[in-house]
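Visitor: Chain order of the listed sequences is A and B.
As numbered in my numbering, residues 1 to 431 make up the first sequence, in order.
As numbered in my numbering, residues 1 to 284 make up the second sequence, in order.
Calculated directly from the structure, the hints in this document are not laboratory data.
You may find that some hints are simply not true.
Beta-carbon label-pair distances, calculated as ranges [as the list claims (entries may be wrong)]:
1. A:Ala-261 x B:Arg-52: 27 to 33 Å
2. B:Arg-52 x A:Arg-138: 21 to 27 Å
3. A:Leu-160 x B:Arg-52: 27 to 33 Å
Positions of the beta carbon are idealized from the N, C-alpha and C atoms, including for glycine.
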Amino acid sequence: MATTRPVPGRRAAVIGGNRIPFARSNSAYAQASNQDMLTATLDGLVARFGLQGEQVGEVVAGAVLKHARDFNLTREAVLGSRLSAATPAYDVQQACGTGLEAAVLVANKIALGQIESGIAGGTDTTSDAPLAVNEDLRRVLIQLNSAKTLGDRLKALRGLRPGQLAPEIPRNAEPRTGLAMGDHAAITAKEWEIGREEQDELTVRSHQNLAAAYDRGFFDDLVTPYLGLTRDQNLRPDSSMEKLATLKPVFGEGPDATMTAGNSTPLTDGASAVLLASDEWAAERGLPVLAHLVDAQTAAVDYVHGGEGLLMAPAYAVPVMLARQGLTLQDFDFYEIHEAFASTVLATMKAWEDPSFCKERLGLDAPLGSIDRSKLNVNGSSLAAGHPFAATGGRIVAMLAKMLHEAGPGRRGLISICAAGGQGVVAILES
Amino acid sequence: MGTTVLDAPPSMAALFARAALTARGRGGDLPDARLARRGVAVDPAEVAAYARVCRFPLADTLPVTYPHVLTFPLQVALMADRGFPLALPGLVHVRNRIEQLRAIGPGESLDLEVWAERFARHRSGATVDLCASVSAGGAEVWRGRSTYLARGASAPEGAPEADVEVDAADLAPGTITWRVPDDAGRRYATVSGDVNPIHLSGLTAKAFGYKRAIAHGMWVKARALAALTGRLPDAATVDVGFRKPLFLPSTVTLATAPRGSGWDLAVRNVKSGADHLVGVVRPL
């Protein structure tokens with residue numbers, strides 16, 4: 001694959017971030033809307049960086065599960081926040097890649113000099129979900145609304161059925177396959193022979209790492225309490241292989257099914273935001289730069305007819321970005337591979353180690369190789385924290401930037417996030 | 001001066017009924033009695049319901065008007081008592097002043113205390129102030145003062161002149177438009193407990209001399225402040241005067257104008273142009 005080295009120019013700096021603790025579905029945030037959570041998260045960021053009444057270049061955020069009335073979700077959140085009302089905003093939506101994509105969009109505008117500062121974020125609630133009227137009822141109502149005569153109206157009303165009272169509930173399923181994301185992941189897990197034990201090991205480590213990070217105060221300047229929560233509600237510091245072993249598989253079929261509610265992320269509510277800026281903007285305010293966003297890449301795979309796994313796109317995106325930057329997979333101090341499912345992380349790493357996958361699917365002469373597991377998700381990831389879809393990117397960018405900053409200058413981190421629709425968003429941060 | 005500490009909020013429906021039945025033959029001076037509740041925990045679900053009706057976002061601090069909902073039942077209990085000189089039915093809420101000394105977290109344990117003071121002469125009767133103080137951890141965090149007018153009533157000898165004028169500037173017409181539906185009173189009654197019949201339906205309002213149900217003044221105030229979310233100082237005085245009743249349903253506009261780091265505001269009827277509420281927000 002032909003790649004061009006980009007001309008090194010201005011890079012966007014990550015100044016910091018804020019998120020609310022992630023809550024399990026229908027729990028602490030059951031009454032909170034996406035707008036409530038995003039507004040609270042922005043206000044926390046404003047308080048942390050003294051942005052009260054300030055105008056930033058742009059606020060970019062989104063939600064995966066979104067009410068039709070929230071067409072201008074991010075702008076509405078800005079108007080309800082302590083940012084200047086003159087701050088422009090727009091929504092993006094790229095499934096679970098939303099938050100990272102938002103950060104890339106803000107960073108690109110900063111790199112181009114179109115804005116000096118910006119906030120990228122995301123929010124999702126599976127509790128305050130956008131129920132819609134039944135599709136058949138919707139058609140009747142549209143017909144009724146456009147009816148011009150009494151006869152037309154009566155004709156439209158004849159289409160009413162009691163069963164149409166059942167609402168359309170958003171499902172975590174692929175429209176083109178009808179399979180839940182977990183079912184897709186189970187297919188991939190089987191294909192790559194990902195065992196139950198290694199999935200449970202990754203899960204335990206995620207909980208332990210996140211708990212340890214909380215205990216040493218790592219999240220003190222990354223998380224603001226909300227509605228009574230101070231830590232992610234899904235976090236189980238006492239998670240163990242024994243406890244996880246008792247769980248029955250929920251995705252996949254037959255005796256060799258491996259994916260449980262423990263080694264899959266639960267439905268979660270939450271929001272996150274990241275402050276990005278030019279170095280000059282940060283210097284003017286005396287704000288330290290944690291890291292720079294060096295590069296980003298998206299990829300997509302044909303999971304419908306092409307025989308590739310739904311969540312495997314990051315495996316394709318990463319080598320493209322590495323080639324462009326002249327880097328190898330081993331040139332990183334930290335790896336943040338989003339734990340949609342433990343098996344997804346493991347399958348992705350196994351694919352990069354696999355000569356035939358790397359040759360035939362990625363078109364590489366040699367496999368990308370393995371990564372040092374001690375550098376993987378060292379402060380926990382989505383299995384422990386939870387995964388409010390659009391909020392995960394912001395959680396990872398802010399956390400990784402802080403990790404790189406603490407490790408010292410010249411350190412590098414890789415972010416890999418898989419998304420519905422067979423997509424992936426990946427990025428490189430450097431301190 | 002005696003302070004009675006209650007373990008639970010009194011039932012407002014029962015209080016309104018008792019106040020109506022014992023309305024006649026009241027008089028004399030204000031009682032010295034105070035009512036209090038200690039260690040009150042706010043119910044997150046109730047705050048969420050209140051926030052939804054008043055259009056506040058669900059934030060990690062209580063809506064600035066929410067402590068009024070906590071203290072109001074105690075104030076009604078004071079007024080419903082036979083010893084209170086004015087009859088509760090017929091009292092008109094003409095002014096409400098809130099001083100929030102700092103933002104209050106939803107998990108804070110709150111001490112509430114209410115009392116009545118400033119029995120005053122008014123050109124069309126007498127006014128009385130129902131006051132409330134809310135403390136957390138021994139420090140006062142919120143103060144409320146509701147001024148009620150009793151038409152035709154008379155204040156005792158030597159009472160001061162009523163103070164009901166809020167010093168708000170004349171504002172240009174607002175662009176924020178609310179279509180206030182006819183169930184606005186019932187909705188606010190559900191989340192505030194203020195089941196005064198004049199707010200609930202046309203029929204019950206007529207029984208008390210109003211042509212239609214009227215919106216709760218405190219709902220109008222809350223919604224106006226909710227519209228300024230993110231633009232209010234954490235420590236602030238919010239002082240509003242309630243002018244013409246807001247009959248339900250109505251379409252009204254909210255006008256806002258910045259004044260230093262505060263605001264002037266007015267809620268005005270689209271048809272008649274009459275002010276329903278004028279108010280000021282000033283940093284403390």
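Visitor: Run every hint past the structure and note whether it holds.
Guide: Comparing the hints with the structure gives:
{"no.": "1", "hint": "A:Ala-261 x B:Arg-52: 27 to 33 Å", "result": "holds, 32 Å"}
{"no.": "2", "hint": "B:Arg-52 x A:Arg-138: 21 to 27 Å", "result": "holds, 25 Å"}
{"no.": "3", "hint": "A:Leu-160 x B:Arg-52: 27 to 33 Å", "result": "holds, 30 Å"}
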